[in-house]
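Trainee: Sequence:
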Amino acid sequence: GIEGHFGLLHVAVLTVWCVCIPSAYKEKMKELSVFSLICSCFYPEARNKLVVCEFEDMEVKPINKRASGQAFEVILKPPSPVSDAAHSIASPPKREVSLEDIQKKLEAAEDRRRSQEAQVLRALAEKREHERDVLLKAMEENNNFSKMAEEKLTMKMEQIKENREAHLAAMMERLQEKERHAAVVRRNKELREELTA
1 GIEGHFGLLH VAVLTVWCVC IPSAYKEKMK ELSVFSLICS CFYPEARNKL
51 VVCEFEDMEV KPINKRASGQ AFEVILKPPS PVSDAAHSIA SPPKREVSLE
101 DIQKKLEAAE DRRRSQEAQV LRALAEKREH ERDVLLKAME ENNNFSKMAE
151 EKLTMKMEQI KENREAHLAA MMERLQEKER HAAVVRRNKE LREELTA
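Under my numbering, the letters of the sequence shown match residues 1 to 197, in that order.
Keep in mind that the hints were calculated from the coordinates and are not lab data.
The structure presented is a predicted model; accordingly, all values stated were derived computationally and were not measured.
Keep in mind that the hints are not guaranteed to be accurate.
Straight-line alpha carbon distances no greater than 27 Å define the calculated DSS-like cross-link-like pairs of lysine-lysine that follow [said to hold, decoys possible]:
id	residue 1	residue 2
1	K178	K156
2	K178	K189
3	K137	K127
4	K137	K152
5	K178	K161
6	K137	K147
Ranges between beta-carbon positions, derived for each pair [said to hold, decoys possible]:
id	residue 1	residue 2	range
7	A166	R186	28 to 34 Å
8	E96	E129	49 to 55 Å
9	V185	K156	29 to 35 Å
10	E140	R174	49 to 55 Å
11	L191	K152	57 to 63 Å
12	A138	E117	28 to 34 Å
13	R114	E141	37 to 43 Å
14	K152	A125	38 to 44 Å
15	L191	E165	36 to 42 Å
16	A166	K127	55 to 61 Å
The C-beta atom is built at its ideal place from N, Cα and C for all residues, glycine as well.
Can you build the whole structure from these sequences, using the hints too?
Mentor: And the structure:
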């Protein structure tokens, strides 16, 4: 009937209100008062038959009727240790650990240790190989540079030698040319002297 509908509507509102966080308490109380006012307008005969409603964590009591509608007093109950224990998840039973299981765990740990050690050694070997390659490359580049510098120096020295020899040869040629010219001049002078004698 009407009371049942009103009770169900009230229970629905209070159930929704129960799961809300405490910071929304005032807002939910406003909604509860508005809802009570609406219900009292639709079902006026149910207002005189409201009784105390009790829930798992709160209690709702109607207060004296006001001109604006019906008022309620909501009393929050402290958390019950029994309910907490009932809601707690039962831990799984502990399994007996055998000597074989312990041995397997120790062997697995030893395998992991060996694998990690091998990985570290492999990384160290790769690092040393890389350093060796870098050193060999640097030495090769240094040798190539030294070889190229030596070749350039040798070529430069040879060029200097060739230039000097060419210069000396040109000087000798000029001296010989002067000597030949001087000999011709002397010969002509001697011939003139013989003719005038």
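Trainee: Confirm or reject each hint.
Mentor: So, going through the hints one by one against the coordinates:
1. K178 <-> K156: 33 Å, violated
2. K178 <-> K189: Roughly 16 Å between the alpha carbons, so the hint for K178 and K189 holds.
3. K137 <-> K127: Answer holds: K137 to K127 is near 15 Å, not above 27 Å.
4. K137 <-> K152: Holds, at about 22 Å.
5. K178 <-> K161: 26 Å, holds
6. K137 <-> K147: 15 Å, holds
7. A166 <-> R186: 28 to 34 Å: 31 Å, holds
8. E96 <-> E129: 49 to 55 Å: 50 Å, holds
9. V185 <-> K156: 29 to 35 Å: Violated: the Cβ-Cβ distance is about 43 Å, outside 29 to 35 Å.
10. E140 <-> R174: 49 to 55 Å: 51 Å, holds
11. L191 <-> K152: 57 to 63 Å: For K152 against L191, whose Cβ atoms are near 58 Å apart, the range 57 to 63 Å holds.
12. A138 <-> E117: 28 to 34 Å: Given a distance of about 32 Å, which is inside 28 to 34 Å, the answer is holds.
13. R114 <-> E141: 37 to 43 Å: 40 Å, holds
14. K152 <-> A125: 38 to 44 Å: 40 Å, holds
15. L191 <-> E165: 36 to 42 Å: For E165 against L191, whose Cβ atoms are near 39 Å apart, the range 36 to 42 Å holds.
16. A166 <-> K127: 55 to 61 Å: 58 Å, holds
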